[in-house]
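So the chains spell out like this:
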Amino acid sequence: MLIENAYTFGSSVQLVGILTDSTSHPSSNDIPIVLLLNAGLKHRVGPFRLHVDLARELSGLGFPVFRFDLSGIGDSNRHKDTRSREEQVLSDIQEAMDFLSSRKGIHNFVVMGLCTGADNAHKISVRDKRISGAVFLDGYCYPTAGFYLRRYGTKLFNPAAWWRFIKKMFIKLTPDSYATNDNREENYFWTLPPKQKTETELKLLVARGVNLLYVFSGWFISNYKEQFATAFKSVDFGNQLQVEYFRECEHLYPVIADRKKMIGRISDWMKAKYLDT
Amino acid sequence: MNPFYFGSSKEPLFGAYHPPMTQRARDSAVLLCPPLAQEYMRTHWSLRRLADMLSRAGFHVLRFDYFGTGDSAGKSSDGTVARWHNDIRSAANELLELSGRRFLSVVGLRAGAALAATTEGLDTFDFILWDPIISGQSYIKELRRIHDSQLETYNRMRHQPILKTSNELLGFPFPPAMQDSIEQIDLLSGFINNAKNIFIFSSGKIEELPQLQKMFQMRGVTFVGKTVDDVGDWDKPSRLYDAFLPNAILTTIVNALVRK
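Protein chains in written order, with this note's numbering: chain Z, 1 to 277; chain U, 278 to 537.
Think of the hints as simulated: they come from the structure by calculation, not from any bench.
Just so you know, nobody snuck in bad clues.
27 Å max Cα-Cα, derived DSSO-like pairs, lysine-lysine:
#	chain 1	residue 1	chain 2	residue 2
1	Z	K203	Z	K271
2	Z	K168	U	K513
3	U	K503	U	K491
4	U	K513	U	K503
5	U	K441	U	K418
6	U	K352	U	K418
7	Z	K273	Z	K203
8	Z	K195	Z	K129
9	Z	K168	Z	K155
10	U	K352	Z	K260
11	Z	K273	Z	K261
12	Z	K129	Z	K203
13	U	K513	Z	K167
14	U	K441	Z	K261
15	U	K491	U	K473
16	Z	K123	Z	K225
17	Z	K260	U	K441
18	U	K352	Z	K271
19	Z	K233	Z	K203
20	Z	K104	Z	K123
21	Z	K273	Z	K233
22	Z	K129	Z	K197
23	Z	K197	Z	K233
24	Z	K260	U	K418
25	U	K352	Z	K261
26	U	K287	Z	K104
27	U	K287	Z	K260
Required output: the full structure, derived from the provided sequences and hints.
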């Protein structure tokens, strides 16, 4: 049976999270707690309730799952200190881990996130040794020769593609007709770090034994399945890396069948990495 | 703010209780009824902000998620209007118990307004309908129109097109039982909430406003209808995933409840 409880935690501001737990599976440090990080400004429920579905699915397998709001997002309060946003976010995630460790006696975590959630998942994995696995939904990826070939190769001789390009350039030059009053950009956008930095950090994660699952949709920065491995040829991932590419799926998985497929793939990976062994 | 679960232990509902932040609490407690599906996602932050504003104005406030939505129990496909009516009654009772108040005020946004208007036995003092859905049929039709336009966009990128299905709208399941129950909603004939004071605040024109006003007059209810220059754009696919950050309409709601 699944049980969900709401908690507040955090030493400087109140953060809010929901722990989904199964009464039929005993706690053990071999079974990590899954942390679901906010996707952009969307609160802990996730786009189209993705985090709730994912939490209940993984919890059914025996993994406790904690979906929570970073400071300033959803129901969590904003920090009023002068730290960088990155520092605030990483300390929020570490406070979540401290809170869960003290409640459940588990010091083993898998972190998952989509978009900015994947960005934050990478950063916390590098910083905190309690992370034993990470799932990145449209996380870091870098263009390769194969990427450019697929992206532009067929378009060079296509008049319709040229016309679309000209129209796009024209729209870019006209003023924004509907300016947003959303100024919380740091939560909404992320910048791809230099490739060299990511490569060094990935080597560090592999050396630490962190399991990595990258899931790419066809609508973001990856356009073929091997792109990630090709971009990081110099990293020997051994059996710690799995890459999934859902060419047809949109970045936020707004189609129910696509979402189910993605959740199924994550569940299979969690089972293979933490239960079957 | 205190997050908690309430209602049946098998199918608990998620609630976020905002106690008053003033020394002396006001006489009525305010229940916020959220919209459904993608509109629920889009408006979460604005309802949290409204709850904060009301709590600073001295109200006990409860936000909550209906069964099968947000953090509450249930699959997204399992809700029906009858179930959500029960949830509103259950949340209202929870709020009155938590706050120790006798008077209940309700703010409903979009489908939340329609659900609260059609809930039996909800003894309401002030009832604010914010950009309310008036007709369930028109609402479903509108969702379908936006859904179809989104599908066209998605299908341009796919080798295998997503086929139109009647059971899915804008990323959320809408099985027949749920759709049928929503389509039964018609505020012109089914407005049974017996509030003493009714306010309709909208970001755009509501065609049915004169008929509603006439109906409230006949019932002897105090009624204020007002268009507020603020964000809405419920019918624009391009705004579907954008943050919804209203301002003027939140102040209008708070002012109405504190009688400024």
